[in-house]
Amino acid sequence: MKTNPLMEKIVSLCKRRGFVFPGSELYGGIAGMWDYGPLGVELRNNIRDLWWKTFVHERDDIFGLDSAILMKKEVWEATGHTKEFSDPIVEDIITKKRYRADSLLEDNGIENADGMPAEEMTEYIKKKGIKSPEGNPLSEVRTFNLMFKTTVGASGGEGSVSYLRPETAQGIFVNYKNIIDTLYPSIPFGVAQVGKAFRNEISPRDFIFRLREMEQMEIEYFIREKKWEESFEHWRKETKNFFETVGLPSDMLYEHEIPEEGRAHYSKRTIDFEFQYPFGRKELSGLAYRTDYDLGKHREFSGMALEYTDKHTGEKFTPHVIEPSFGVERLVLAVLVSAYREDEMDGESRTYLCFKPKLAPVRVAVFPLLKNKPELVKKAKEIHLALKTDIGRVWFDDNGNIGKRYRRQDEIGTPFCITVDFDTLEDNTVTVRERDSGKQKRVSVAELSPYLSEYFV
Numbered sequence: 007m008k009t010n011p012l013m014e015k016i017v018s019l020c021k022r023r024g025f026v027f028p029g030s031e032l033y034g035g036i037a038g039m040w041d042y043g044p045l046g047v048e049l050r051n052n053i054r055d056l057w058w059k060t061f062v063h064e065r066d067d068i069f070g071l072d073s074a075i076l077m078k079k080e081v082w083e084a085t086g087h088t089k090e091f092s093d094p095i096v097e098d099i100i101t102k103k104r105y106r107a108d109s110l111l112e113d114n115g116i117e118n119a120d121g122m123p124a125e126e127m128t129e130y131i132k133k134k135g136i137k138s139p140e141g142n143p144l145s146e147v148r149t150f151n152l153m154f155k156t157t158v159g160a161s162g163g164e165g166s167v168s169y170l171r172p173e174t175a176q177g178i179f180v181n182y183k184n185i186i187d188t189l190y191p192s193i194p195f196g197v198a199q200v201g202k203a204f205r206n207e208i209s210p211r212d213f214i215f216r217l218r219e220m221e222q223m224e225i226e227y228f229i230r231e232k233k234w235e236e237s238f239e240h241w242r243k244e245t246k247n248f249f250e251t252v253g254l255p256s257d258m259l260y261e262h263e264i265p266e267e268g269r270a271h272y273s274k275r276t277i278d279f280e281f282q283y284p285f286g287r288k289e290l291s292g293l294a295y296r297t298d299y300d301l302g303k304h305r306e307f308s309g310m311a312l313e314y315t316d317k318h319t320g321e322k323f324t325p326h327v328i329e330p331s332f333g334v335e336r337l338v339l340a341v342l343v344s345a346y347r348e349d350e351m352d353g354e355s356r357t358y359l360c361f362k363p364k365l366a367p368v369r370v371a372v373f374p375l376l377k378n379k380p381e382l383v384k385k386a387k388e389i390h391l392a393l394k395t396d397i398g399r400v401w402f403d404d405n406g407n408i409g410k411r412y413r414r415q416d417e418i419g420t421p422f423c424i425t426v427d428f429d430t431l432e433d434n435t436v437t438v439r440e441r442d443s444g445k446q447k448r449v450s451v452a453e454l455s456p457y458l459s460e461y462f463v
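Residue numbering for the sequence shown follows my numbering, starting at 7 and increasing by one per position.
Hints in this document: simulated from the structure, not taken from any laboratory. In this text, a Cβ means the ideal position worked out from N, Cα and C, and glycines have one as well. Some clues are possibly wrong.
What the hints assert, rightly or not - Once the Cα atoms are required to be at most 30 Å apart in a straight line, the calculated DSSO-like pairs of lysine-lysine come out as:
(1) 15 with 183
(2) 233 with 274
(3) 59 with 246
(4) 384 with 364
(5) 274 with 317
(6) 379 with 410
(7) 447 with 364
(8) 89 with 379
(9) 202 with 155
(10) 202 with 362
(11) 274 with 322
(12) 387 with 364
(13) 134 with 155
(14) 155 with 103
(15) 379 with 445
(16) 246 with 364
(17) 132 with 103
(18) 447 with 362
(19) 155 with 102
(20) 79 with 183
(21) 317 with 183
(22) 79 with 89
(23) 317 with 233
(24) 137 with 102
(25) 274 with 202
(26) 385 with 410
(27) 15 with 445
(28) 445 with 410
(29) 155 with 183
What the hints assert, rightly or not - DEER-style ranges, computed between Cβ atoms:
(30) 35 with 434: 48 to 56 Å
(31) 413 with 150: 40 to 48 Å
(32) 444 with 102: 50 to 58 Å
(33) 355 with 240: 29 to 37 Å
(34) 55 with 409: 32 to 40 Å
(35) 443 with 148: 49 to 57 Å
(36) 287 with 443: 37 to 45 Å
(37) 271 with 413: 46 to 54 Å
(38) 445 with 190: 49 to 57 Å
(39) 396 with 322: 48 to 56 Å
All chains, full assembly: derive it from the sequences and hints.
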C-alpha cells in the first residue's frame with residue numbers, strides 16, 4: 007500500500023508531541039486502537055464540547071443522554087444488527103489473512119466499492135485478477151458481522167450474551183419513552199449522545215480514521231413524517247455550519263448521496279459528508295432519515311407502546327427520525343489535516359498547526375525571557391497562574407531559548423505566546439506573539455486577560 011507524505015508527517019507529529027499514541031504500544035500495539043495523549047485529549051474534548059454547546063446548549067429542542075455501552079441482546083436482534091450490521095470480507099487463500107473487500111477494490115482503482123453487493127465484488131475480483139497484498143489469490147466475498155460479542159454475569163449460556171454497542175443510537179431509542187414520560191417535550195425534539203462505540207473492523211487503517219474502538223456524537227431528531235424533508239434539509243445546513251465552525255475548508259468537503267442499494271437497512275435517505283483526507287476522499291459524517299424503523303421495531307419486539315401523544319390534539323403517532331451522526335476521531339483527523347502548515351519564518355522552516363483558537367489544546371504559553379533570572383521566572387509564573395484562572399489551558403514554558411519555545415508551541419498549535427522580559431519589570435507590559443503571522447505586540451499585564459479572552463469565546 008502506498009504511503010502518503012502528508013499523512014506520515016501528521017502521524018509523526020501526533021506521536022512526537024503527545025496527541026495520539028498507538029494502543030498497547032508497550033506490548034507491540036493492537037490494530038484499530040489508539041490512545042490520546044495530553045494534547046490529543048484536549049483537542050478531542052474541545053471538539054466534543056463545541057459540538058455539545060452548538061447542538062444542545064444553544065438549542066431548546068435537544069436534550070442530552072448518556073446510555074450504557076452494554077445492552078440486552080434483544081435490542082440488537084430487534085433492530086436487525088445481529089443479521090445486517092456487517093461488512094464484506096475476503097480471504098487470502100494461502101495466508102488465510104482477511105481483508106475488507108471494498109477497501110481492497112478501491113486500492114485497485116475500483117471507485118465507489120462501498121455498498122457494492124458481495125456477489126458483484128467477487129465478480130470484480132475475478133474479472134480484474136485482483137490479488138491479496140501478498141500477491142495471492144482471494145476467496146469469494148462474504149459478509150462479516152462487526153459487533154463484539156461478550157457475556158454478562160457469571161451464569162454463562164445464551165441468556166448471558168450481550169454485545170458492545172456498535173452505535174450510540176439505540177441507547178437513545180430504548181430511552182425514548184423515558185424521555186417523553188419525564189420531560190414531555192414538544193415535537194420536533196432531539197436527543198443527543200456522545201459515547202464510545204465498538205466495531206470489529208476487518209482491516210483498521212489510515213491512523214485514527216478506521217478504528218475498532220471509537221467515539222460517536224449522534225442526535226436522533228424526532229419529527230412528524232410529513233416534515234422529514236424539511237427537517238433533513240435543516241440538519242444538512244446545520245452540519246455544514248458546524249464544519250465551518252471547527253475550521254474545515256469548504257473546498258475539502260463534499261456531499262455524497264448514497265444510492266438505495268448502498269444505504270443502511272434502516273435508512274430511506276442518507277447523505278455522507280466526505281472530507282479530502284491525504285489518503286483520499288472519505289466519509290466524515292452522515293445524515294440519515296431513519297423513518298420510524300427503530301421505534302417500530304422496538305415496539306414490535308418489546309410489546310411497549312412507543313407512540314407520541316400530541317399535547318394539544320391528543321393525536322397519537324410514532325415519530326420519524328432524522329439522524330446527524332459524527333465520528334469524533336474522523337473529525338479530529340480532519341481538523342489536524344486542515345490545520346497542518348509548513349512555512350518559513352525568520353529564515354527558518356517551521357511546522358505549525360493553525361487551529362481555531364477555541365479548539366487549540368493549549369490556548370496561551372507564558373515564557374520568562376531567561377530561565378536563570380529568578381525575577382523574570384517569578385513574574386512569568388504570576389502571569390501564568392492569573393491567566394490559567396481566567397481562560398484555562400495556559401502553559402508555562404522555560405525550556406530552551408525563545409526561538410525553540412516558539413517553534414515548539416507553533417507545532418502544537420498554541421495561538422499566543424507571552425514573553426516576560428526586563429521591560430515587564432519596569433512598565434508591567436509583556437510581548438504577545440501571534441502564532442500564524444509571528445507578529446508581536448506589547449500589552450499591559452492588566453489588559454492581558456480581556457485582550458486574549460475574546461479569541462476563545
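**Report entry** Hint numbers contradicted by this structure
**Finding:** 1, 8, 13, 33 and 36
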